[in-house]
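Asks: Listed below are the residues making up each chain.
Protein chains: 2
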Amino acid sequence: MRTLCHDLSSTAPGSPVETTVRVTGTATANAQAPGGIEVTQAYVEPLTDDAATPPAELWRPSLDVSLPTLLDHAPVLWRHPAQKARWELAAASLRGFRATLDALGFTEVATPKIVATATESGSSVFTVDWFGRPAHLAQSPQFAKQQLVGVFERVYEVGPVFRAEPHDTVRHLAEYRSLDVELGFIEDHRDVLRVLREALAGMVGAAAEAEQALALTGARLPVVPEEIPVVHFADALALVGAPADEPDLAPEHERALGAWALAEHGSDFVAVEGYPMAKRPFYTHPQPGDERWSNSFDLLFRGLELVTGGQRLHRPGDYERAIRARGEDPSAYESYLRAFRHGMPPHGGFAIGLERWVARLVEAANVREVTLFPRDLHRLAP
Amino acid sequence: MRTLCHDLSSTAPGSPVETTVRVTGTATANAQAPGGIEVTQAYVEPLTDDAATPPAELWRPSLDVSLPTLLDHAPVLWRHPAQKARWELAAASLRGFRATLDALGFTEVATPKIVATATESGSSVFTVDWFGRPAHLAQSPQFAKQQLVGVFERVYEVGPVFRAEPHDTVRHLAEYRSLDVELGFIEDHRDVLRVLREALAGMVGAAAEAEQALALTGARLPVVPEEIPVVHFADALALVGAPADEPDLAPEHERALGAWALAEHGSDFVAVEGYPMAKRPFYTHPQPGDERWSNSFDLLFRGLELVTGGQRLHRPGDYERAIRARGEDPSAYESYLRAFRHGMPPHGGFAIGLERWVARLVEAANVREVTLFPRDLHRLAP
Numbered sequence: 001m002r003t004l005c006h007d008l009s010s011t012a013p014g015s016p017v018e019t020t021v022r023v024t025g026t027a028t029a030n031a032q033a034p035g036g037i038e039v040t041q042a043y044v045e046p047l048t049d050d051a052a053t054p055p056a057e058l059w060r061p062s063l064d065v066s067l068p069t070l071l072d073h074a075p076v077l078w079r080h081p082a083q084k085a086r087w088e089l090a091a092a093s094l095r096g097f098r099a100t101l102d103a104l105g106f107t108e109v110a111t112p113k114i115v116a117t118a119t120e121s122g123s124s125v126f127t128v129d130w131f132g133r134p135a136h137l138a139q140s141p142q143f144a145k146q147q148l149v150g151v152f153e154r155v156y157e158v159g160p161v162f163r164a165e166p167h168d169t170v171r172h173l174a175e176y177r178s179l180d181v182e183l184g185f186i187e188d189h190r191d192v193l194r195v196l197r198e199a200l201a202g203m204v205g206a207a208a209e210a211e212q213a214l215a216l217t218g219a220r221l222p223v224v225p226e227e228i229p230v231v232h233f234a235d236a237l238a239l240v241g242a243p244a245d246e247p248d249l250a251p252e253h254e255r256a257l258g259a260w261a262l263a264e265h266g267s268d269f270v271a272v273e274g275y276p277m278a279k280r281p282f283y284t285h286p287q288p289g290d291e292r293w294s295n296s297f298d299l300l301f302r303g304l305e306l307v308t309g310g311q312r313l314h315r316p317g318d319y320e321r322a323i324r325a326r327g328e329d330p331s332a333y334e335s336y337l338r339a340f341r342h343g344m345p346p347h348g349g350f351a352i353g354l355e356r357w358v359a360r361l362v363e364a365a366n367v368r369e370v371t372l373f374p375r376d377l378h379r380l381a382p
Numbered sequence: 383m384r385t386l387c388h389d390l391s392s393t394a395p396g397s398p399v400e401t402t403v404r405v406t407g408t409a410t411a412n413a414q415a416p417g418g419i420e421v422t423q424a425y426v427e428p429l430t431d432d433a434a435t436p437p438a439e440l441w442r443p444s445l446d447v448s449l450p451t452l453l454d455h456a457p458v459l460w461r462h463p464a465q466k467a468r469w470e471l472a473a474a475s476l477r478g479f480r481a482t483l484d485a486l487g488f489t490e491v492a493t494p495k496i497v498a499t500a501t502e503s504g505s506s507v508f509t510v511d512w513f514g515r516p517a518h519l520a521q522s523p524q525f526a527k528q529q530l531v532g533v534f535e536r537v538y539e540v541g542p543v544f545r546a547e548p549h550d551t552v553r554h555l556a557e558y559r560s561l562d563v564e565l566g567f568i569e570d571h572r573d574v575l576r577v578l579r580e581a582l583a584g585m586v587g588a589a590a591e592a593e594q595a596l597a598l599t600g601a602r603l604p605v606v607p608e609e610i611p612v613v614h615f616a617d618a619l620a621l622v623g624a625p626a627d628e629p630d631l632a633p634e635h636e637r638a639l640g641a642w643a644l645a646e647h648g649s650d651f652v653a654v655e656g657y658p659m660a661k662r663p664f665y666t667h668p669q670p671g672d673e674r675w676s677n678s679f680d681l682l683f684r685g686l687e688l689v690t691g692g693q694r695l696h697r698p699g700d701y702e703r704a705i706r707a708r709g710e711d712p713s714a715y716e717s718y719l720r721a722f723r724h725g726m727p728p729h730g731g732f733a734i735g736l737e738r739w740v741a742r743l744v745e746a747a748n749v750r751e752v753t754l755f756p757r758d759l760h761r762l763a764p
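Which chain is which? The protein sequence lines are A and B, in order. For the first sequence, position 110 (counting from the first letter as 1) is numbered 110 according to the numbering used here, and the numbering increases by one without interruption. To convert, count from 1 in the second sequence and add 382; that's the numbering used here.
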């Protein structure tokens, strides 16, 4: 039996905890023993030098350390079973996400993380020295995944995205894992929301199978309703008592909407559709009949933004107008726009932030607690 | 039925090819029709503006364009069924890789792509402006995946890696997808090779299910032998008639070894073990009893290097000596070395280059032909 032993003090009095050892002995089934197997007449042989004392007591039921200690000593402190179990829920979620999309006819793609053009906004982009020229780290696979809808019709990608966010908040990272989806031949953003619903149900289903990790983390899995409740941005403002001309939802508004969805619909999720066009990227499809609003949504999970999605423009002329309306020159997007000139179906998609998802599941106060080796303004190691 | 139509000239005389349309009509099963369904009394309605003429004739059986044309027009030319099928083999391979490792008790991990320390060599690393400080793009997840063996024991990751290779060759990219594996409690590199064998068998098995893609690409799937033949580096030099003091295998030597493995063992794969320590990174485990050689291997697939793998050092003292022997200061690796001081099992791993794998399957002359949007010295778009 292979296993990492975190406390061998009883069997190997000569070796400190965390020292890796080989145990040779007689294995007997024993329901009382941890793991159901008892090893008797054990011969314990160290496989490495005596281990240094861990920065925290890994055998205690919970890892009671400050965030800076957790992050500074991440390679060792992730060994704590309850901490490790948090990542096991992340890994299970990834498995459920992919299995669901594979079954729905999506193709996994791999798009470049080094790009010539910023995809979201010029302000939060990292610059790379690319053989002496400046290039950027991709803030999202947005442009590439849209172009690939013209090839595969339905695509997904799990990969790193990079945001040079100078904000030191509990829910922003400079590098995070984005679960990106894009699909063609939709009527509007509601079709996108239906695929998102399936993906979330798949992620919850896979996490539900990780029973030990659920028990160790105390995670509370949500029920994903057959149809996620939807409220229009204008109605959402009214619902939370905000002025009708607010351009965005504040965190307290999101919390209030989360509480409303739970009370009214028994749902941990609520989608807010119709976000003001002025707050959305240029590729966003406006709401037909009222171009102040958009065919896009944010999905709130327990009162926090987890997913952004929506319908995109698909006609080349609409792109050129939208880019000019933002005071930019369409020629800067030439390589992106070409795919639309060669025919693209109505399409849309979404992106789920993996770390935010897991943080909500296990009710971690900070996304850094559930990220293996987080990167932010202050941290490049371990 | 959802479908991307690449030639509607017969049904929609008004719309040029690649224009996306909605077809409303009566669907009837018809074994003679493409896809087995005939649509009669069709009403065709364009969903976008008339498409511009594609840069190549997508309806022809093969896409007969030069490499620069293929890459400049990638978003449109990937729509060609035979080209698209190449990526479908990549996607199937990823699926088979993950399913195999999941079944073997591996945990998927996600490690940072922005790092403080170069992992492989200082010469081929990209520099990022990290909030005003210099940082690097990870050349591999090597350090992180080793540290995570101390947590999960067996880990894998599929992600981008970055090499600032100034060489313009048919098999190097500046960004590529690496299929990384690392596992603990091994005897030596042969245990690593056995897991690699399983991963390859899983990839081939999944690709075998993509029957249409195989037919369209003309890919020739290898048989993965139960045990991959292994030859020691010293014997490999003798076998190909190279001088005994050669420090590396030249491409013609790799081809000769591939031919030998096929003739002698009926195998498309051969592992060359024992590479000279002088040519391997500092974390490589030497061959017990003769430290000129290493417990590492290269796997050749049809005479080309596809995978590098091996056993790593696991004792902290060995790391310090190895780093000093290369004229470096162990304190530069402090964050990495800490995990070893806290106990690590004997471990090893490997990395498969996805693009090289697919290029060999479909016998593409250049890895760029099978990469969705390749990045190299000259190319940052599309």
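Derived from the structure by calculation, the hints contain no laboratory data. Certain hints may be false.
[Claimed, not checked] Okay, derived cross-link-like pairs now, DMTMM-like style, lysine to aspartate or glutamate, Cα gap no bigger than 25 Å in a straight line: (1) B:Lys466 x B:Asp432; (2) A:Lys279 x A:Glu291; (3) B:Lys466 x A:Glu153; (4) A:Lys84 x B:Glu535; (5) A:Lys84 x B:Glu716; (6) A:Lys84 x A:Glu291; (7) A:Lys279 x A:Glu226; (8) A:Lys84 x A:Asp129; (9) A:Lys84 x A:Glu334; (10) A:Lys84 x A:Asp49; (11) A:Lys84 x A:Glu175; (12) A:Lys279 x A:Asp168; (13) A:Lys279 x A:Glu363; (14) B:Lys661 x B:Glu547; (15) A:Lys84 x B:Asp484; (16) A:Lys84 x A:Glu57; (17) B:Lys466 x A:Asp64; (18) B:Lys466 x A:Asp102.
Asks: Each hint should be assessed against the structure and marked as holding or not.
Replies: Going down the list of hints, with the structure as the test:
1. B:Lys466 x B:Asp432: holds, 23 Å
2. A:Lys279 x A:Glu291: Judged against 25 Å, a Cα distance of about 12 Å means the pair holds.
3. B:Lys466 x A:Glu153: holds, 11 Å
4. A:Lys84 x B:Glu535: holds, 11 Å
5. A:Lys84 x B:Glu716: holds, 23 Å
6. A:Lys84 x A:Glu291: violated, 47 Å
7. A:Lys279 x A:Glu226: Cα-Cα ~29 Å, so violated.
8. A:Lys84 x A:Asp129: Distance ~36 Å between A:Lys84 and A:Asp129 Cα, so the pair is violated.
9. A:Lys84 x A:Glu334: The hint is violated at about 45 Å.
10. A:Lys84 x A:Asp49: The given pair, whose Cα atoms are some 24 Å apart, holds under the 25 Å limit.
11. A:Lys84 x A:Glu175: holds, 20 Å
12. A:Lys279 x A:Asp168: This hinted pair holds, its Cα atoms lying about 22 Å apart.
13. A:Lys279 x A:Glu363: Judged against 25 Å, a Cα distance of about 29 Å means the pair is violated.
14. B:Lys661 x B:Glu547: holds, 18 Å
15. A:Lys84 x B:Asp484: OK: A:Lys84 and B:Asp484 at ~17 Å, within 25 Å.
16. A:Lys84 x A:Glu57: Holds. A:Lys84 to A:Glu57 sits at ~15 Å (cutoff 25 Å).
17. B:Lys466 x A:Asp64: violated, 51 Å
18. B:Lys466 x A:Asp102: holds, 17 Å
Consistency note: the structure conflicts with the earlier hints numbered 6, 7, 8, 9, 13, 17.
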